[in-house]
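Participant: As they're listed, the protein sequences go chains L and P. Numbering follows UniProt numbering, in which position 152 of the first sequence is assigned residue number 152; successive positions increment by one, without gaps. Numbering follows UniProt numbering, in which position 141 of the second sequence is assigned residue number 141; successive positions increment by one, without gaps.
Source of the hints: derived by calculation from the structure; they are not laboratory data. Ideal Cβ placement from N, Cα and C applies to all residues, glycine included. Mixed in with the good hints, there may be bad ones.
To be verified - Some residues of chain L that are not near chain P, with every Cβ distance over 12 Å (derived):
#, residue
1, Ala-148
2, Arg-445
3, Cys-629
4, Asp-687
5, Asn-696
6, Gly-718
7, Lys-755
Said to hold, decoys possible - Covered, in the sense of this in silico footprint (three residues per stretch, anywhere, with C-beta under 8 Å from a C-beta of chain L), are these stretches of chain P:
#, region
8, 1 to 10
9, 173 to 182
Given next are the chains, with one letter for each unit.
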Amino acid sequence: MADSMTQPSRNRASTGDDRPIGQPIDRVDGPLKVAGRATYAYEQTLGGTPAYGYIRGAAIARGRIAAIDTSAAERAPGVLFVMTHRNAPAQTAFGPSVTPTVPEAFTRARPMLANDRVRYYDEPVALVVAETFEAARAAADLIEVRYARESGVFDLHTHLDDAYAPIRTNAGFETDSAVGDFMGAFSRAAVKVDATYRTPYEHHNPMEPHATLAVWSGDEVTIHTSAQTLANYQAGLANTLGMPPERVRIVSPFIGGGFGSKLIVHADTVLAALAARVLARPVKIALTRQQMFANAGYRAEMIQQVRLGADPDGRLIAMGHDVHSATSRFEEFCEQTAVFARSLYAAPNRLTRHRLVGVDLNRGEWMRSPGEAPGMLAFECAMDELAERLGLDPIELRIRNEPSEDPERGVPFSTRNLVDCMREGARRFGWERRNPQPGCIREGRQLIGYGMAAAIRPNYIGATTARVAIDADGQVTAQLDMTDIGTGTYTILTQIAAESLGVPLSAVTVELGDSRFPRTSGSGGSWGAASTGSAIHRACAALKTRILEAARSNESSPLYGMDLAEASFVGGEVLVGERSENLADLIRRIAPEGIDAEGTVASVRETESYAAYSQHSYGAHFAEVAVDCDTGEIRMRRMLAVIGAGRILNAKTARSQILGGMTWGIGAALMEESVLDSRHGHFVNHDLAEYHVPVNGDVQDMQAVFLEEHDDKANPLGAKGLGELGVCGAGAAIANAVYNATGVRVREFPVTLDKLLPELPMVAI
Amino acid sequence: MQPFSYERAEEVRRAVAAVAVNPQARFISGGTNLLDLMKLGIERPTDVIDISRLPLDRIEAAEEGGLRIGAQVRNSDLAADPRVRARYPVLAQALLAGASGQIRNKASTAGNLLQRTRCYYFYDRNMPCNKREPGSGCAALEGLNRMHAVLGGSDACIAVHPSDMAVAMTALGARVETLSPSGDTRTIPITELHRLPGAEPHVETTLEHGEMIMAVTLPPPPAGRQIYRKVRDRASYAFALVSVAAIVAVSNGQVRSARIALGGVAPKPWRAVNAELALAGAPATERTYTQAADAALAGARGYGGNDFKIPLARRTLRYTLAAAGELV
Chain L
1 MADSMTQPSR
11 NRASTGDDRP
21 IGQPIDRVDG
31 PLKVAGRATY
41 AYEQTLGGTP
51 AYGYIRGAAI
61 ARGRIAAIDT
71 SAAERAPGVL
81 FVMTHRNAPA
91 QTAFGPSVTP
101 TVPEAFTRAR
111 PMLANDRVRY
121 YDEPVALVVA
131 ETFEAARAAA
141 DLIEVRYARE
151 SGVFDLHTHL
161 DDAYAPIRTN
171 AGFETDSAVG
181 DFMGAFSRAA
191 VKVDATYRTP
201 YEHHNPMEPH
211 ATLAVWSGDE
221 VTIHTSAQTL
231 ANYQAGLANT
241 LGMPPERVRI
251 VSPFIGGGFG
261 SKLIVHADTV
271 LAALAARVLA
281 RPVKIALTRQ
291 QMFANAGYRA
301 EMIQQVRLGA
311 DPDGRLIAMG
321 HDVHSATSRF
331 EEFCEQTAVF
341 ARSLYAAPNR
351 LTRHRLVGVD
361 LNRGEWMRSP
371 GEAPGMLAFE
381 CAMDELAERL
391 GLDPIELRIR
401 NEPSEDPERG
411 VPFSTRNLVD
421 CMREGARRFG
431 WERRNPQPGC
441 IREGRQLIGY
451 GMAAAIRPNY
461 IGATTARVAI
471 DADGQVTAQL
481 DMTDIGTGTY
491 TILTQIAAES
501 LGVPLSAVTV
511 ELGDSRFPRT
521 SGSGGSWGAA
531 STGSAIHRAC
541 AALKTRILEA
551 ARSNESSPLY
561 GMDLAEASFV
571 GGEVLVGERS
581 ENLADLIRRI
591 APEGIDAEGT
601 VASVRETESY
611 AAYSQHSYGA
621 HFAEVAVDCD
631 TGEIRMRRML
641 AVIGAGRILN
651 AKTARSQILG
661 GMTWGIGAAL
671 MEESVLDSRH
681 GHFVNHDLAE
691 YHVPVNGDVQ
701 DMQAVFLEEH
711 DDKANPLGAK
721 GLGELGVCGA
731 GAAIANAVYN
741 ATGVRVREFP
751 VTLDKLLPEL
761 PMVAI
Chain P
1 MQPFSYERAE
11 EVRRAVAAVA
21 VNPQARFISG
31 GTNLLDLMKL
41 GIERPTDVID
51 ISRLPLDRIE
61 AAEEGGLRIG
71 AQVRNSDLAA
81 DPRVRARYPV
91 LAQALLAGAS
101 GQIRNKASTA
111 GNLLQRTRCY
121 YFYDRNMPCN
131 KREPGSGCAA
141 LEGLNRMHAV
151 LGGSDACIAV
161 HPSDMAVAMT
171 ALGARVETLS
181 PSGDTRTIPI
191 TELHRLPGAE
201 PHVETTLEHG
211 EMIMAVTLPP
221 PPAGRQIYRK
231 VRDRASYAFA
241 LVSVAAIVAV
251 SNGQVRSARI
261 ALGGVAPKPW
271 RAVNAELALA
281 GAPATERTYT
291 QAADAALAGA
301 RGYGGNDFKI
311 PLARRTLRYT
321 LAAAGELV
């Protein structure tokens, strides 16, 4: 990585531009990836010839392994080891069935093959390790398992009476919130919407499956894997194996997508570490695509009731968002689905609640825009329904309910440009061409519709430290255990370091993805850029202070004895007033061995600014769809997002993030659904042929526009998280466009043609 | 996947003999379906005979103006052939509506015809499936059956045949030439290549073990405008929920002839003979096409999740017939 990252950059912006932050710089890791030279976890060959593991999963969703016969597998050609609950090495027990504390969910022991219980369909019941992947897979098929099957609970809808309130939601939010008298105000409201929406199980499906190569050296293990957050993997594996975390090294320089499914250790990591220790040989394991549906997290099915009550002018007087979600019975996960609604619109009487129903599935996990993705899908459709009932334009309705301060916290917003996003979007999209009467615009056999929705997402910062060093040649190296999951982290950190130190981009090498580097937030929650960018910024500031102090006390420096308060680092020079010295020359003299410094940011919740301000990113999504009047097929025509997310660090990677999020919106609105067969407790369509995500043909004209913004309350850079903002509300804009096109309101996602068809009139030929 | 022997066939008769002697042997060509099934342990051949390089990859003029398509012609080459594009556009459209560019580059003509169903339960060995394991039951009848058949199914199986190409070939009246292990050649109308499931859904074709498809012959194109319309959940790379291949000839406001096949609705490419009969000689009006669409779906049966396919097929057929029949 390091070698290839120091290639001179050919980025246009690097030629003579001293202000690289914000520039649309190409990904610094791009050439490695397109040339196939970026080595992913399963491709690693370190530590000697590896053995290959293949996981055999349970054929039942709940019960016990009554008997397991591995003799045929053990005799199969090339097989080295077969692990089951009968011979698996000792591991820390899983622990109590429900996890009330958020940090423990990230780090708790996750033992595999620990006992004869089957808690969910396709849970690992055996591991075969062989000389080749093929031999391991063939032998895994020879294992005979007899189960004592028990009945399980799988259906959310028929178990709503068993719902319970969790202690808090994911990300530590209050389970419920209440302001004023919601029920009283809602019952008195002149205009009401009371709508219930269903959002389905969804799976992340990153291109790169979960995969690990485990290499032991003495009592230390190195894990080459595909991880978003190395600290969690280190702690989770160390806790599982009952060993000190400093003896676990996690390496993950390249990640082929994660979307929240790679925040904690999974079966591949734990089993590879166990088997490699037993065999005293490196072991590689990857989950198959089918196995990922059971063993790598999901977004749970939800039923959301949204109640909106307004006065005749369209001012909300009551706003309620009630969420029922499925959750694993052995490990709770409560997506913060209604939390965004606490900050989005003004209303004096408010109610948000989260309830859970236990089912016999594996644990749910964080899936791109947890909370907002399903929550805004429902809520922003309900706002569309309310606008129609009021006879108001959907944008005007939102403007009339724009709060002057955070409606539930009572603190000012740091920056909030939602209204500007909507107005700018309306202008660019040609919103005035929308016919508020649905089902009226037809082009040939296509019904055309426009829809919009607002976007909001909290700004998070995770505790992060970064180290920046400069050597006697003026080469800068930044190290931190951050990951680049395809978002552009390598690139933006390169830009920030280059600008902070006044050196060209080509002089900066960013090294990520090694738990030996300083601890960071990792990638998740769209907090990576703000957290690690701020830490790099501070590390560079600290480094400059060290350099200047050394220069001022160095008699042979032109800067000797000067007041360096006004010093600046530009163009490879240190400037003070009329004087300057070449940075590399200075380092060579004051620190021939190089010099480094660290910078740190605290978790956002520990900052005064978080307590004093409501910090969110905002946006407005617009969509145009065409619906075939004969078949009900829905096809995207255009999408536009206008985003206010603080300072943009790289216009190109930021745009890519938003476009990717909008594409997730297409998936959520129109395609994605993991169908749970409640007879068997398994996800039926568990492959990419039948779990549909948008393909190129589904993604038509798509635009992302950023408003000029700088949020000085958020962090030293003025930047806020934006990756997941592209998802928030995007699906609702599409669903609202489908309604505008057809006059058919589908409240059960995804909106597919079979749900439209019964309501679509036959059109004369 | 269990270990297997692999042999690249050099000669047609030897390939047929090699498969014929071993009930566990299979031909392989593009492998776009068989290989997946082998990885999942659904197909477990002991011997795989690769016939992809046999000299069966030519598209030639046939008697009386038809076209003879070698069994090993790739889907992408067939779709790009100027004669196909000019004279059999319904076939070119169907091919290009199928799978992805990469898969079409690998998939052969014969392999496309012989691909197996995409039923989710057929693909999951933990689930009962009469096609995969005769007598084990059908999980789709009362399970997720959104993709399943509304015509031609049985209480044992409601899986659909997933091909687009075969639907167009059915409308075109294609014939399938085969070579059997005994050395006999025969020609089967494409409508007789696939069997309906009945009580034996695991027996999918009328071919005997080891019988090899050599070519598909298209008669001269029927009179009329040809259209292939595929309805699917996303814009590309999805199997048909419903597809229609229609060829309708109209003159002086009257339908002279019509050939219609449906995909995505039945265990085999479904020739809609009733609809063809309803159209022949009728006035070329919206009413005629609507009635023909109704006739095509008479007797259709839904199983819950696929109920929508009946109105969907009717509506798609109505409009596609009208478009082929020069109303639009």
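Participant: Quick check: which numbered hints come out false for this structure?
Facilitator: Numbers 2, 3, 4, 5, 7, 9, in rising order.
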